[in-house]
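Engineer: As a plain string of letters, each chain reads:
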Amino acid sequence: MIIALFGFLFAMWILIIIGGGIIVTILGPFSLLEEIFVPWFVSSGIKAGFAISLVVIWIFILLKVKNWIFKKELNF
Amino acid sequence: MTELIIPAIVCSIVAFFTVYLTTPLLIKILIKKNYTVKDVNKKGDVMIARPGGPAIILGILFSEIILYRFLQIPEILSIMIVTSLSFVIGYVDDRKVLGGWFKPIALALAATPIIFLGTYDSNLAFPLFGEVNIPILYLAIIVFMIPITGNTINSIDVLNGVASGFMTIASFSLSISLFIIGNLDLMVVSLPLGFVSLAFYKFHKLPSKIFPGDSGALTLGGMYGAIAIVGHVEIIAAVALLPAIVNSFLFLSSMKKIVEHRQVKGKPVEHTDDHKLKATSDKTAPVTLVRLILARTPMSEKQVETQIFKLAIFSGTLAIVTAILMRISL
Chain A
1 MIIALFGFLF AMWILIIIGG GIIVTILGPF SLLEEIFVPW FVSSGIKAGF AISLVVIWIF
61 ILLKVKNWIF KKELNF
Chain B
77 MTELIIPAIV CSIVAFFTVY LTTPLLIKIL IKKNYTVKDV NKKGDVMIAR PGGPAIILGI
137 LFSEIILYRF LQIPEILSIM IVTSLSFVIG YVDDRKVLGG WFKPIALALA ATPIIFLGTY
197 DSNLAFPLFG EVNIPILYLA IIVFMIPITG NTINSIDVLN GVASGFMTIA SFSLSISLFI
257 IGNLDLMVVS LPLGFVSLAF YKFHKLPSKI FPGDSGALTL GGMYGAIAIV GHVEIIAAVA
317 LLPAIVNSFL FLSSMKKIVE HRQVKGKPVE HTDDHKLKAT SDKTAPVTLV RLILARTPMS
377 EKQVETQIFK LAIFSGTLAI VTAILMRISL
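As given, the protein sequences belong to chains A and B, one line each in that order.
FYI, this note's numbering numbers position 12 of the first sequence as 12, with every residue one higher than the one before it.
Each position in the second sequence, counted from 1, maps to that position plus 76 in this note's numbering.
Note that these hints are calculated values from the structure, not bench results.
All residues carry an ideal CB built from backbone N, CA and C; glycine is no exception.
Don't take every hint at face value.
[Claimed, not checked] Pulled from the structure, derived: some chain A residues nowhere near chain B, Cβ distances all over 10 Å:
| # | residue |
| --- | --- |
| 1 | Pro39 |
| 2 | Ser53 |
| 3 | Val56 |
| 4 | Ile57 |
| 5 | Ile61 |
| 6 | Trp68 |
[Stated by the list, open to error] Under the rule of at most 27 Å between Cα atoms (straight-line distance), these lysine-lysine pairs were calculated in the BS3-like manner:
| # | chain 1 | residue 1 | chain 2 | residue 2 |
| --- | --- | --- | --- | --- |
| 7 | A | Lys71 | B | Lys359 |
| 8 | B | Lys281 | A | Lys64 |
| 9 | B | Lys118 | B | Lys332 |
| 10 | B | Lys109 | B | Lys172 |
| 11 | B | Lys172 | A | Lys66 |
| 12 | B | Lys343 | A | Lys66 |
One chain only, chain B, in its complex shape (with noise of 0.2 Å):
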């Protein structure tokens, strides 16, 4: 395990500071190429930088090329990929407009190399109850897993921060679950998520100087659904992801289809006289986390934010418990 601390700090320290040098040279760049989007949330034409993917790529890809230096297992090598692939796949999206169904099939696509290079493990651990062998089933949920988890985050990512916030808390709740359940290389590989996505998260706050965009989300989406895969902590990873969920389940469950948020004609929230968010009574807009949050009383982002973050260590906290249970059977 002693053997581990250096890599644990050195890869942190180099995915945190990474994304922190990086996004204010690249809101600068994409401010100059007027590559900017308006905040809706904001009073009059707030104009914020997008995409933020390409900041947040470079620091998970640096942390993870310098702990392969030291680690040299293959779990790194896939993960690598996988989140590359999300990461293109989201920049392509955010340059162009594509249909609803794009999304999920190429990130169902880009899932494939762990099958490939074998980091994965056909046994499904479930709290309690032990493990049950699926070796055909399995591989539909590593296709399942990517575009899953990568849609759930770029749904979330609403309001200011809250995908980077939201992705903070899961990601470093998954690597406490994966020091409980003894996978000590996977808690490690794990970090540069959570300190990319702190680090970007000093840039998204409220008030954002720059958004993730589809690159962005997909990126942080999809290193947590490959870890979810590599790690063997799918259970985990999908309760510590559970309020995500929730938003996408409502979204679908309203909506009967997938389609894409922009495609959406009703709107589910809208803005009072003193700019606070507020549910509205459209029936044909989609049901979502937020509109639930406002159901009762107006709010202002900052408000429903705390909420959502409180949601999240609720569910972050069930992960933790839910991987002390993986440890005792019946």
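Okay, chain A solo, but in the shape it has when bound (with noise of 0.2 Å):
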């Protein structure tokens, strides 16, 4: 059971330098809109609306990683 365990914990930081990745080189770049008058809280909104879907992704892939590797347990 620890080492499904050790897995899960390994996934989840798999997942948060994956997710770190596409943040910058997806949101980053966002700033640049501001540079050719995008106004800022257009460009705030974006990246705010990016990062909560992310979010939203990152949870659902862990409910799925969870369910994948603790089939077994969570059978309460």
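Join the two chains, each given in its own frame, into one complex according to the hints.
Structural biologist: This is the structure we're talking about:
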């Protein structure tokens, strides 16, 4: 059981690293929008919307990973 | 760097010994005033003093005030205010039973001094990929961080010694990470959290003489969250806290709403005849980290505690690896 938990923690860590990469490579360039006269609140709104979507997707993936790793144990 | 050695040693000693010396006194006062609760994992009516929060906050405030005399940086004030507010919120919850939403909202408000004092950096740093500037979104992260860290530490406080032992491992991992990324001032500022947790663990470990209560758990969690924001190590702090986050995640995904532990009807864990802990088959009970650890076989409280500490050391190691990866850019 403990091995499965280590695996789940490791999967979460990998998801954090990948999620960070997506945020930096996709959200980062949105700052450039402000330099071409897009109002800051539009730029921030786009960033916020994207980040929230990413969190929702992240939780969804995590739920799937959890059900897959603990499919035997979660049969309470 | 050498000028930080004396402040680091002094604040660590003050933090450790304040808690180490005041906790026995606090236990006597709490028992005298009949502020005790039943330890549900023990045979018979074993009553334990609660809460240990006042000793913990004393250790943190004494050491951080001394540190402020040495370093004179606003980040220390920020951390002290947030930690004190978290303690007050926890203490109110120790004395009165409050609704499930009270703590998250109150802790979100407790985070606002970080914003007003301007002791944050809106660039969110990720390992390998660098930083992203999110000025507005970062305010939301500040407001969410303290309730998340406070409540995750509170939710893992289910067995003797787990919350304080887990916090010792997580906070020293965070201090090492701060050293690796070169934020030496905040590394020193974070040391009292580890030493306070370690000193409290002496009395909280199996068999407990005192429980931290909400005031203790929220103080530790609130300070941890404040260091994460002010020290600009949000991702590293989250990684070190992963087992506690998994516990909250499992709980919320099974209950599907924010609910106080005391409001949950189903029991996730029960006792065997030889008083070992065993996962129940109750479908209405929440899934928790302890229930998952016990899913295959019953264990003693000590064995479960050891498994949780192994997970904490693993995630602490991942946090340190994350700090090393912060220095590498693809």
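Engineer: With d taken as the least Cβ-Cβ distance between Ile61 (chain A) and chain B, does d exceed 10 Å?
Structural biologist: holds, 12 Å
Engineer: Lys71 (chain A) and Lys359 (chain B) were given as a pair; does the straight-line alpha-carbon distance stay at or below 27 Å?
Structural biologist: holds, 15 Å
Engineer: Is the straight-line distance between the alpha-carbon of Lys118 (chain B) and that of Lys332 (chain B) 27 Å or less?
Structural biologist: violated, 30 Å
Engineer: Starting from Lys281 (chain B), check that the Cα of Lys64 (chain A) is at most 27 Å away, please.
Structural biologist: Distance ~35 Å between Lys281 (chain B) and Lys64 (chain A) Cα, so the pair is violated.
Engineer: Next pair to validate is Lys109 (chain B) with Lys172 (chain B); report whether the Cα-Cα distance is within 27 Å.
Structural biologist: holds, 16 Å
Engineer: Would you check whether the claim that Val56 (chain A) is not at the interface survives, using Cβ distances to chain B and the 10 Å cut-off?
Structural biologist: holds, 13 Å
Engineer: Within a Cα-Cα threshold of 27 Å, do Lys343 (chain B) and Lys66 (chain A) meet the stated pairing?
Structural biologist: holds, 21 Å
Engineer: If we take the beta carbon of Pro39 (chain A), is the closest beta carbon in chain B still more than 10 Å away?
Structural biologist: Since the minimum Cβ distance to chain B is about 12 Å, Pro39 (chain A) lies beyond 10 Å and the statement holds.
Engineer: Next pair to validate is Lys172 (chain B) with Lys66 (chain A); report whether the Cα-Cα distance is within 27 Å.
Structural biologist: Given pair Lys172 (chain B), Lys66 (chain A) is violated - Cα atoms ~35 Å apart, limit 27 Å.
Engineer: With d taken as the least Cβ-Cβ distance between Ile57 (chain A) and chain B, does d exceed 10 Å?
Structural biologist: holds, 15 Å
Engineer: Decide, holds or violated, for the assertion that all CB atoms of chain B are farther than 10 Å from the CB of Ser53 (chain A).
Structural biologist: At roughly 13 Å from the nearest Cβ of chain B, Ser53 (chain A) sits farther out than 10 Å, so the non-interface label holds.
Engineer: Could you let me know if the closest chain B CB is still more than 10 Å away from the CB of Trp68 (chain A)?
Structural biologist: holds, 14 Å
Violation of the numbered hints given earlier is confined to hints 8, 9 and 11; the remaining hints are satisfied by the structure.
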